[in-house]
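A.B. asks: Residue strings, one per chain:
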Amino acid sequence: AQTVTQSQPEMSVQEAETVTLSCTYDTSESDYYLFWYKQPPSRQMILVIRQEAYKQQNATENRFSVNFQKAAKSFSLKISDSQLGDAAMYFCAYCPPGNQFYFGTGTSLTVIP
Amino acid sequence: EPEVTQTPSHQVTQMGQEVILRCVPISNHLYFYWYRQILGQKVEFLVSFYNNEISEKSEIFDDQFSVERPDGSNFTLKIRSTKLEDSAMYFCASRETAYNEQFFGPGTRLTVL
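Going down the list, the sequences are from chains D and F.
For the first sequence, this note's numbering begins at 15 and goes up steadily by one.
For the second sequence, this note's numbering begins at 263 and goes up steadily by one.
Not everything, but these chain D residues come out facing chain F in the computed CB check (under 8 angstroms):
hint	residue
1	47
2	49
3	57
4	58
5	59
6	61
7	64
8	105
9	111
10	112
11	114
12	115
13	117
14	118
15	119
16	120
Each computed DSSO-like pair below joins lysine-lysine, with the alpha-carbon atoms no more than 27 angstroms apart:
hint	chain 1	residue 1	chain 2	residue 2
17	D	87	D	69
18	D	84	D	69
19	F	304	D	84
20	F	304	D	87
21	F	340	F	319
22	D	92	F	304
23	F	319	F	304
24	D	69	D	92
25	F	304	F	345
26	D	87	F	319
27	F	319	F	345
28	F	340	F	304
Rather than coming from a laboratory, the hints here were simulated on the basis of the structure.
All residues carry an ideal CB built from backbone N, CA and C; glycine is no exception.
Throw the hints in and build the complete structure from the sequences for me.
C.D. replies: Structure, rendered in structure tokens:
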């Protein structure tokens with residue numbers, strides 16, 4: 015079964031500090047995609063970062079980077095220099111090619127000024 | 263930049279009524295999806311649609327639900343007889359190929375009274 019686990023329902027970080035959100039997944043596939051989505055109070059789903067499983071290099075997007083450990087089936091998101099606008103729900107998602115997304119239960123991030 | 267659009271942004275209906283949620287996927291995309299997010303919960307897959315037919319559906323997608331691509335641009339989700347528990351945010355998503363990320367629309371908030 016394809017499952018995505020986010021073990022941290024809530025996290026907080028001081029503005030300008032770094033925070034890491036964890037995500038693990040279960041799959042027997044070797045080829046797949048992993049994503050982090052941000053959901054602000056508007057509830058729109060905003061893509062933060064994506065990682066292809068066949069790529070060994072960890073993806074980065076400005077202040078956002080991932081630590082992808084394929085053998086451990088772990089995909090954590092690091093947010094550097096946290097800003098007030100980063101406060102939101104963050105969802106980890108797993109997607110085998112041609113298939114639906116499987117989402118985790120989300121982590122609510124609070125940024126403390 | 264092309265985007266997925268959804269209408270209406272908020273729909274309020276009485277229990278037992280039919281609702282149609284509309285989505286316009288990105289024009290060159292071939293794969294279409296509906297997801298649901300009950301308030302405070304994770305995003306759940308409902309149905310995927312490719313080549314004018316349903317390719318996969320979840321156990322949530324029962325006989326009360328149907329999807330259609332009536333005119334080559336719109337992609338609709340119909341709920342025949344709404345229940346209180348259908349109250350949720352409904353997201354449409356599309357992707358160009360089986361190997362890209364899905365692009366999400368802004369969602370339709372459905373409230374069933």
